[in-house]
Amino acid sequence: MAELQFHLKHDGIRTSTDYGALNISSDEEQGFRPFQLMVSSIAGCSLSVFRKILDKQRIEYEDINVKAEVTRNEDEANRIEKIHLHYVIKGKHLDEDKMYKNLETSQKNCSMVQSVKDSIEIEETLECIELSF
Numbered sequence: 115m116a117e118l119q120f121h122l123k124h125d126g127i128r129t130s131t132d133y134g135a136l137n138i139s140s141d142e143e144q145g146f147r148p149f150q151l152m153v154s155s156i157a158g159c160s161l162s163v164f165r166k167i168l169d170k171q172r173i174e175y176e177d178i179n180v181k182a183e184v185t186r187n188e189d190e191a192n193r194i195e196k197i198h199l200h201y202v203i204k205g206k207h208l209d210e211d212k213m214y215k216n217l218e219t220s221q222k223n224c225s226m227v228q229s230v231k232d233s234i235e236i237e238e239t240l241e242c243i244e245l246s247f
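So for the sequence shown, my numbering puts the first residue at 115; every next one is plus one.
Simulated from the structure, these hints should not be mistaken for laboratory data. Where is the CB? At the ideal position from N, CA and C, for every residue including glycine. Among the hints, a few may not be true.
[As the list claims (entries may be wrong)] List time: in silico BS3-like cross-link candidates among lysine-lysine, alpha-carbon distance up to 30 Å:
hint	residue 1	residue 2
1	K181	K231
2	K206	K181
3	K231	K166
4	K170	K181
5	K212	K166
6	K212	K222
7	K215	K181
8	K166	K222
9	K170	K231
[Stated by the list, open to error] Okay, the calculated beta carbon distance ranges per label pair:
hint	residue 1	residue 2	range
10	R172	Q228	23 to 29 Å
11	K212	F120	39 to 45 Å
12	K166	E143	34 to 40 Å
Could you put the whole structure together from the sequences, leaning on the hints where they help?
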C-alpha cells in the first residue's frame, strides 16, 4: 500500500516523494492545480503504457507527443467530464490501425485511466507522421 503525507501551508498543500517536493495550490503561481495533476497522471500513465507496448513490439518511432484537451463542468464543482488525449507519433513505416489497437491496449492497462473510467470520459486519438530517416 502506498502512503503519502500532505501538509497544509498558508500558500497551498505540500507533499514529498522520492522524486522531490510537490506543491499543490489553486493559485498556479504557488503550485500545480489539482486538475492539472489529475490530467497529468492520466496522460503520463497512458503514454508510458503506450511506449512500453511499442517498445515490446519493436516499433521504431522518433517522437511521441500528447496534447490533452480537458472539458470541465462548472455547474458540478468544475469537475472534469472528459479528457481528450491526441497522440502525434513520428516515425517510419507506422501502421495507423496497429497504433490504434495499441492505444486500446494501453487504455485497458493504464491504472489511472481504469481508476476514472466510470466518472471521466477518456477519448484517445492519434495521427502518424511518416519520417524518412
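Quick rundown of the hints versus the structure:
no., hint, verdict
1, K181 x K231, "holds (19 Å)"
2, K206 x K181, "holds (21 Å)"
3, K231 x K166, "holds (21 Å)"
4, K170 x K181, "holds (24 Å)"
5, K212 x K166, "holds (14 Å)"
6, K212 x K222, "holds (15 Å)"
7, K215 x K181, "holds (19 Å)"
8, K166 x K222, "holds (13 Å)"
9, K170 x K231, "holds (25 Å)"
10, R172 x Q228: 23 to 29 Å, "holds (26 Å)"
11, K212 x F120: 39 to 45 Å, "holds (42 Å)"
12, K166 x E143: 34 to 40 Å, "holds (35 Å)"
Every hint from the earlier list agrees with this structure, and none is contradicted.
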